[in-house]
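Enquirer: Chains A and B, in that order, are what the protein sequence lines are.
Under the UniProt record's numbering, the first residue of the first sequence is numbered 1, with each subsequent residue one higher.
Under the UniProt record's numbering, the first residue of the second sequence is numbered 1, with each subsequent residue one higher.
By construction, these hints were calculated from the structure, which means they are not laboratory data.
No experiment lies behind these values; they were computed from the predicted model shown.
All residues carry an ideal CB built from backbone N, CA and C; glycine is no exception.
Watch out, some of these pointers could steer you wrong.
Stretches of chain A that chain B covers, calculated by requiring three or more beta carbons in the stretch to come under 8 Å of a beta carbon on chain B [unchecked claim]:
| hint | segment |
| --- | --- |
| 1 | 25 to 33 |
| 2 | 77 to 87 |
List of simulated lysine-lysine pairs, DSS-like, C-alpha gap at most 27 Å [stated by the list, open to error]:
| hint | chain 1 | residue 1 | chain 2 | residue 2 |
| --- | --- | --- | --- | --- |
| 3 | A | Lys116 | B | Lys17 |
| 4 | B | Lys152 | B | Lys116 |
| 5 | B | Lys2 | A | Lys2 |
2 protein chains.
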Amino acid sequence: MKIMVGGTFSPLHDGHKKLISRSFELAGKNGHVIVGLSTDAFAGGKNHPILSYEVRKKSLDAFIRDSGYSATWNVIPLEDRYGATLDTDFDALVVSEETFPVSLEINRLRKERGRKKVDIHQITCVLADDGRWISSTRIHRGEIDDHGRMIK
Amino acid sequence: MKIMVGGTFSPLHDGHKKLISRSFELAGKNGHVIVGLSTDAFAGGKNHPILSYEVRKKSLDAFIRDSGYSATWNVIPLEDRYGATLDTDFDALVVSEETFPVSLEINRLRKERGRKKVDIHQITCVLADDGRWISSTRIHRGEIDDHGRMIK
């Protein structure tokens, strides 16, 4: 299957890793994964400092390479919340609980454009040791590390 | 992964087959799929006649067996819209666009019961030749066959 997934991944934490890994599992051996990576300009609206596109791309590439999936993949710049999802032929979109509403918008907009709707795979967020979501904001605040362990 | 999916499957049409096949693909080689099959009593509320549980189970079993997936599986009776999903440990629920709202309720109820939420995989409905969804209701009305071909 051809899968699309996206994010800012600053830094790449265990929740992001679940999102990426699931995308490759869904794609299957002969599939393809397109990862949309927020540009610095698009990510600039976040409420915490963002690592540069190049740094984020490097750790994304390294994680995917080291995971050893056999599906092919490419990383493309994501300049807005929809990226290339409205005009690309693909099978399924992988999203988190947080970004699930965007997937519904994407299917609505695809339909308006006469494109077929895509399947949606929503992963539940990975929990930190305190039972709350792992998020980049919490990591930047210094509450948890990128595996969700509490920082004392 | 351990996957749950459910339905009435009367008759088992191409939309249902996509739902079942996707469940096994997601489960993976060493996974397990639990298929909840509506009991005759629960399915009795539908707006069209329903094949008996035994007949429906037979064609479900035959379809899964013939597909040759290596994940293990079992079919259990589904007596209401939630079935065993609230009290079973599993990873992901596979639903159609129609039943997606139920998956959100299931996660809400699981959380209330102190259980972890599950991932949700929503497939888009399979379209009949006329561009509208394949559905059991339309098949029972004699509009389309179970592959979505128009009946003249």
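Enquirer: Confirm or reject each hint.
Expert: Hint check results:
| no. | hint | result |
| --- | --- | --- |
| 1 | 25 to 33 | holds (count 3) |
| 2 | 77 to 87 | violated (count 0) |
| 3 | A:Lys116 / B:Lys17 | holds (19 Å) |
| 4 | B:Lys152 / B:Lys116 | violated (49 Å) |
| 5 | B:Lys2 / A:Lys2 | holds (23 Å) |
Taken one by one, the earlier hints fail for this structure at numbers 2, 4, listed in ascending order.
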